[in-house]
Amino acid sequence: MDFPTSGTVWIDETSTSTLSDAALTRVRREKVGFIFQSFQLLPTLSVIENVELPLMLAGRKEPRAVAAERLRWVEMEAYADRMPFQLSGGQMQRVAIARAIANAPSIILADEPTGNLDTATSEVILALLRRSADEFGAIVLMATHSLEAIGKADTVVGLHDGRVESVKGAAEVPAKL
Amino acid sequence: MDIFTLFYRLILKPLAHERLRTTLTVLAVSLGVAAVLAIDLAGQAAAGSFRSSLETLTGKTNLEVTSAGGIPPDVFARLAAAPYPLKLHPRIEDYGVIAGAVRRTVPIVGIDLLSEGSSESSGLSDLSAANSVWVTSGLGYKRGDRIRLLTNDTVSDFTVRGVLDNQAEEAIVMDLALAARVLRPGGRLDRILIEAPATRSIEEWQILLRHYLPPGVAIARQGTQTEENQRMLEAFRWNLNVLSYVSLAVGAFLIYNTISVSVVRRRFEIGILRAIGTSRIAILAAILGEAGCLGLVGGIVGIVLGRILSEGAVKLVASTVASLYFSSRPAPISLTWETALWGLVIGVGISLVSALLPAWEASRVTPVEAMARGRREHQARVHRWRSAAIAILLALAAWIASRQGPVDGKPLYGYICALLSIGAMALVIPSLVSGLAQLATGLLRRVFGVEALLATRGLVGSLRRTSVLVGALSTAIAVLTAVGIMVGSFRETVLVWMDDVLQADLFLSPAVPAGADRHPTMSADIPAQLARLPEVAAVDQLRAYELNYQGLPTTIGGIEASVRGHRRRQSFLSGAPAEKVFRELIGNDAVIVSEPFANKHHIRAGDTFQLELGGKLGSFRVLDIFYDYSSERGLILMDRATLLRYLPDAEPSNVAVFLKPGVSLDAAQRAVERVIAGRRVAVVRNRTLRDQAIQVFDRTFAITYVLEALAVFVAVTGVGGALLALVIDRRREFGLLRFLGAANQQVRRIILFEAGLLGVLANIAGITLGFILSLLLIHVINKQSFGWTIQFHWPVTVLLTALSTVYVATVLSGLYPAKIAIGLAPIEVIHEE
Numbered sequence: 001m002d003f004p005t006s007g008t009v010w011i012d013e014t015s016t017s018t019l020s021d022a023a024l025t026r027v028r029r030e031k032v033g034f035i036f037q038s039f040q041l042l043p044t045l046s047v048i049e050n051v052e053l054p055l056m057l058a059g060r061k062e063p064r065a066v067a068a069e070r071l072r073w074v075e076m077e078a079y080a081d082r083m084p085f086q087l088s089g090g091q092m093q094r095v096a097i098a099r100a101i102a103n104a105p106s107i108i109l110a111d112e113p114t115g116n117l118d119t120a121t122s123e124v125i126l127a128l129l130r131r132s133a134d135e136f137g138a139i140v141l142m143a144t145h146s147l148e149a150i151g152k153a154d155t156v157v158g159l160h161d162g163r164v165e166s167v168k169g170a171a172e173v174p175a176k177l
Numbered sequence: 001m002d003i004f005t006l007f008y009r010l011i012l013k014p015l016a017h018e019r020l021r022t023t024l025t026v027l028a029v030s031l032g033v034a035a036v037l038a039i040d041l042a043g044q045a046a047a048g049s050f051r052s053s054l055e056t057l058t059g060k061t062n063l064e065v066t067s068a069g070g071i072p073p074d075v076f077a078r079l080a081a082a083p084y085p086l087k088l089h090p091r092i093e094d095y096g097v098i099a100g101a102v103r104r105t106v107p108i109v110g111i112d113l114l115s116e117g118s119s120e121s122s123g124l125s126d127l128s129a130a131n132s133v134w135v136t137s138g139l140g141y142k143r144g145d146r147i148r149l150l151t152n153d154t155v156s157d158f159t160v161r162g163v164l165d166n167q168a169e170e171a172i173v174m175d176l177a178l179a180a181r182v183l184r185p186g187g188r189l190d191r192i193l194i195e196a197p198a199t200r201s202i203e204e205w206q207i208l209l210r211h212y213l214p215p216g217v218a219i220a221r222q223g224t225q226t227e228e229n230q231r232m233l234e235a236f237r238w239n240l241n242v243l244s245y246v247s248l249a250v251g252a253f254l255i256y257n258t259i260s261v262s263v264v265r266r267r268f269e270i271g272i273l274r275a276i277g278t279s280r281i282a283i284l285a286a287i288l289g290e291a292g293c294l295g296l297v298g299g300i301v302g303i304v305l306g307r308i309l310s311e312g313a314v315k316l317v318a319s320t321v322a323s324l325y326f327s328s329r330p331a332p333i334s335l336t337w338e339t340a341l342w343g344l345v346i347g348v349g350i351s352l353v354s355a356l357l358p359a360w361e362a363s364r365v366t367p368v369e370a371m372a373r374g375r376r377e378h379q380a381r382v383h384r385w386r387s388a389a390i391a392i393l394l395a396l397a398a399w400i401a402s403r404q405g406p407v408d409g410k411p412l413y414g415y416i417c418a419l420l421s422i423g424a425m426a427l428v429i430p431s432l433v434s435g436l437a438q439l440a441t442g443l444l445r446r447v448f449g450v451e452a453l454l455a456t457r458g459l460v461g462s463l464r465r466t467s468v469l470v471g472a473l474s475t476a477i478a479v480l481t482a483v484g485i486m487v488g489s490f491r492e493t494v495l496v497w498m499d500d501v502l503q504a505d506l507f508l509s510p511a512v513p514a515g516a517d518r519h520p521t522m523s524a525d526i527p528a529q530l531a532r533l534p535e536v537a538a539v540d541q542l543r544a545y546e547l548n549y550q551g552l553p554t555t556i557g558g559i560e561a562s563v564r565g566h567r568r569r570q571s572f573l574s575g576a577p578a579e580k581v582f583r584e585l586i587g588n589d590a591v592i593v594s595e596p597f598a599n600k601h602h603i604r605a606g607d608t609f610q611l612e613l614g615g616k617l618g619s620f621r622v623l624d625i626f627y628d629y630s631s632e633r634g635l636i637l638m639d640r641a642t643l644l645r646y647l648p649d650a651e652p653s654n655v656a657v658f659l660k661p662g663v664s665l666d667a668a669q670r671a672v673e674r675v676i677a678g679r680r681v682a683v684v685r686n687r688t689l690r691d692q693a694i695q696v697f698d699r700t701f702a703i704t705y706v707l708e709a710l711a712v713f714v715a716v717t718g719v720g721g722a723l724l725a726l727v728i729d730r731r732r733e734f735g736l737l738r739f740l741g742a743a744n745q746q747v748r749r750i751i752l753f754e755a756g757l758l759g760v761l762a763n764i765a766g767i768t769l770g771f772i773l774s775l776l777l778i779h780v781i782n783k784q785s786f787g788w789t790i791q792f793h794w795p796v797t798v799l800l801t802a803l804s805t806v807y808v809a810t811v812l813s814g815l816y817p818a819k820i821a822i823g824l825a826p827i828e829v830i831h832e833e
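Chains A and W, in that order, are what the protein sequence lines are.
Be aware that the first sequence starts at 1, since it is given in the numbering used here, and climbs by one per residue.
Be aware that the second sequence starts at 1, since it is given in the numbering used here, and climbs by one per residue.
Honestly, the hints are just simulated from the structure, not real lab data.
Be a bit skeptical, because a hint or two may be false.
Said to hold, decoys possible - Beta-carbon label-pair distances, calculated as ranges:
no.	chain 1	residue 1	chain 2	residue 2	range
1	W	Ala825	A	Glu172	32 to 42 Å
2	W	Ser334	A	Asp21	51 to 61 Å
3	W	Thr801	A	Gly59	33 to 43 Å
4	W	Tyr8	A	Gly169	54 to 64 Å
5	A	Gly89	W	Leu775	46 to 56 Å
6	A	Asp134	W	Thr5	39 to 49 Å
7	A	Gly89	W	Thr805	48 to 58 Å
8	A	Asp2	W	Glu269	39 to 49 Å
9	W	Glu311	A	Asp21	46 to 56 Å
Quick reminder that beta carbons are idealized off the backbone N, C-alpha and C, glycines included.
Generate coordinates for the entire structure from the input sequences, incorporating the hints supplied.
Here it is in structure tokens:
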């Protein structure tokens with residue numbers, strides 16, 4: 001979506017800076033899943049259609065079956081035909097996670113995924129992200145200010161004014177900053 | 001914050017920033033205003049052209065004497081003998097054709113040079129020379145030039161004795177005696193202009209002089225005919241004006257859309273302003289001010305555009321006026337301050353009215369609601385069922401309006417019905433859009449994939465915006481369909497009618513062009529000579545005269561009833577067989593009248609009315625009413641022998657020749673041409689005459705196509721602009737799609753698919769409404785304005801061509817918004833949230 005001002009982004013041994021627009025689109029479709037702070041579900045599509053969307057955009061066969069399976073995985077299958085405005089924040093974010101893993105990506109980029117959620121719901125979402133990494137083998141790259149979220153990570157990269165300040169394991173991060 | 005600062009920051013700055021959207025909206029307003037002004041200016045010019053400057057050639061006259069078929073020669077003597085200090089100016093007026101490489105039809109005016117020559121202003125001199133004419137400077141002749149002039153079926157040579165410099169119009173002036181010899185062998189005059197002293201009022205003079213005139217000869221204030229012509233044109237101009245307002249109405253939908261977008265996009269700002277104490281009234285005024293600005297600029301551009309467009313429009317309108325009403329030359333177009341002001345008033349007015357609802361909603365926004373995060377997609381609720389219920393009420397009111405009669409000869413309720421129908425359809429559209437979209441989503445997704453799904457849902461998601469767009473486009477399509485069906489039906493009706501009435505094989509008429517009020521004649525011996533040809537089975541002839549009936553010009557004609565009874569499949573409203581009706585005409589003071597005449601004057605079969613003909617008063621019984629599409633002014637027909645009793649001029653205006661079965665058309669035409677050799681008479685075959693007639697028909701309706709095209713252009717441009725606004729509003733969605741792996745072409749397809757869906761929905765609504773409006777046009781508005789019966793007919797090819805062109809244009813209008821959508825930076829638009 002963006003190009004580095006310096007340095008190189010490598011995905012599967014390919015520098016993203018060298019890719020054409022079409023190739024970048026392919027990378028987004030096949031290798032990256034996105035999760036946003038404000039969920040970003042399309043309000044005009046039902047829950048299952050939102051999950052189907054990346055599959056359909058990628059031209060996958062049987063998108064409905066895959067989407068249903070992903071919804072089951074986030075325990076939202078009962079809400080498949082609801083519209084986003086009928087869901088709570090936590091439910092919306094679960095659907096967003098189902099959408100992010102729909103294409104079985106190798107990387108999930110999560111931008112403050114719990115920023116709009118209460119503590120209890122955040123717990124559920126963070127657990128799901130953890131499971132995504134564990135069960136799908138995806139790398140979850142999460143930007144967060146939340147200590148609870150940091151606690152779920154394997155590696156924590158500390159940033160200060162846009163510069164990397166530290167790279168630590170989660171156990172090394174103090175419980176209170 | 002004072003209102004001006006608020007207005008500048010909230011309204012003017014964003015308007016300048018969003019140049020494309022502002023330009024498109026201004027364009028929509030300006031085209032609407034331009035259409036209205038162009039038609040008004042053209043109508044005025046076409047109607048005003050008969051205010052002849054030649055009227056002043058004979059000085060300051062104030063009364064005129066006229067009579068159908070000409071004023072008998074003794075009338076002048078009677079008036080001259082009246083014991084009053086009157087100045088009489090007898091005139092013969094006709095048209096001739098100047099022979100040459102370019103044949104020009106010019107008015108010929110015969111005046112009494114001996115008495116007029118002394119008039120200082122006239123410029124007439126050198127009166128004694130033979131075959132002398134004086135020409136107006138516009139004709140380009142100089143003193144001593146020779147002119148070969150075709151009048152009726154005769155050619156004569158004339159010498160130009162002088163040029164009348166102060167005359168704006170083209171005309172040839174000759175002495176009365178010469179004009180009588182060339183144009184009126186019977187010695188009848190066309191008009192006597194009277195200069196009556198101011199010792200009495202015009203009305204008193206009129207009453208006084210009436211006693212010196214025989215029945216059938218009318219005296220009226222000079223200029224009465226001009227007023228009658230104006231009155232005759234009223235319905236025509238009124239209908240054309242109404243059609244010109246369609247573009248403006250379509251523009252109104254688009255202003256509504258622009259202002260709605262503007263309000264939705266500024267909700268947050270409005271919320272802040274309300275939170276810091278700005279009043280509701282100030283918000284309302286600011287939003288209305290935005291509409292007012294768009295209307296003002298659109299109005300100014302529209303006035304300039306309208307003046308430019310009127311040049312083209314006047315040619316089309318004048319051609320229709322000449323074919324259907326009276327001989328005229330368009331007067332110069334005059335854009336007055338009043339007209340320009342009217343342009344501004346309608347530009348600003350329509351903008352303010354269209355913006356009222358969104359502005360009101362903006363003023364009702366509560367600060368908390370407007371500033372709440374994640375509410376940017378907020379759209380005012382669409383009350384589908386309430387709208388549908390109001391639509392039913394409007395439809396009911398429309399139906400009631402359609403059953404009402406004309407008001408002052410105008411189909412006022414017909415147009416109210418049309419407006420109510422458009423309103424009803426606009427209110428049904430939200431239900432139609434969501435209903436059809438929901439029904440079709442599954443199918444569209446299966447057939448066209450994810451893009452179709454997103455486009456359909458996107459449109460339903462912005463139901464209000466979509467409905468306004470579909471409303472605008474469907475109104476333009478409805479008018480296109482309605483007028484298309486009306487004109488197509490009318491054309492088909494005329495074709496069928498021509499099949500019935502044009503049964504003769506050859507038609508003869510003087511080579512001088514005829515007009516609705518011009519009936520040149522040919523030599524009286526021609527029909528008899530033709531009848532003697534061995535190839536000829538029968539000859540019909542028509543002698544037509546101008547007649548004023550109840551203050552409206554019309555045409556009266558004498559026909560060979562015995563020939564028509566056998567040879568013409570004339571249809572009558574009563575359904576009576578033509579042979580029986582024509583037989584009854586013979587030997588009786590009886591007439592048949594055309595449908596427009598009967599409708600205009602509320603005449604029914606069996607009625608008796610009086611006509612003043614050639615100085616005599618006759619009482620005529622109406623035998624029946626016949627279908628006729630040749631003249632909007634109306635037609636009264638009687639047997640030729642009957643007409644000759646009143647107007648004993650035997651020269652026919654037209655002759656129709658029926659050939660014997662098996663006779664070669666070529667050979668017969670050659671034989672006919674031998675009979676008329678040396679005379680300027682045109683012989684036209686049946687097929688050619690029909691082709692010419694249909695050409696006149698098509699030319700007549702050319703202006704309606706131009707106006708429809710303008711309305712459709714406004715609508716399609718508006719769809720492009722509105723799609724652009726839709727893209728900008730939904731930029732977050734398009735950014736998200738890029739995150740989720742949508743390729744550029746997929747984004748483009750979504751927008752084009754939305755444009756396509758808008759087109760389909762607008763076509764469904766437009767064709768449905770268009771069908772209803774076409775019934776209204778055919779059975780109510782046309783009937784009340786012009787009095788014709790038109791048989792309904794679907795002009796399939798024309799409609800399909802027009803509608804598919806509109807559809808393709810609508811889809812293509814999505815290309816630029818698609819380009820903008822592709823160019824959006826996904827990270828930026830997602831982070832705006």
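Going through the hints against the structure:
1. At about 37 Å, the beta-carbon gap between Ala825 (chain W) and Glu172 (chain A) stays in the expected band of 32 to 42 Å.
2. Ser334 (chain W) and Asp21 (chain A) have their C-beta atoms about 59 Å apart, which keeps the hinted 51 to 61 Å range intact.
3. Judged by the Cβ atoms, the range 33 to 43 Å given for Thr801 (chain W) and Gly59 (chain A) holds: they are separated by roughly 37 Å.
4. Between Tyr8 (chain W) and Gly169 (chain A) the CB atoms are about 57 Å apart, so this pair conforms to the stated range of 54 to 64 Å.
5. Judged by the Cβ atoms, the range 46 to 56 Å given for Gly89 (chain A) and Leu775 (chain W) holds: they are separated by roughly 55 Å.
6. One distance hint, 39 to 49 Å for the beta-carbon pair Asp134 (chain A) and Thr5 (chain W), is violated here, with the actual separation near 59 Å.
7. A hinted range of 48 to 58 Å holds for the C-beta pair Gly89 (chain A) and Thr805 (chain W), which are about 49 Å apart.
8. Look at Asp2 (chain A) against Glu269 (chain W): about 29 Å separates their beta carbons, and that is not inside 39 to 49 Å.
9. Checking the proposed 46 to 56 Å range against Glu311 (chain W) and Asp21 (chain A) shows it holds: the Cβ atoms sit about 50 Å from each other.
Hints 6 and 8 from the list above are not met by this structure, while the remaining hints are.
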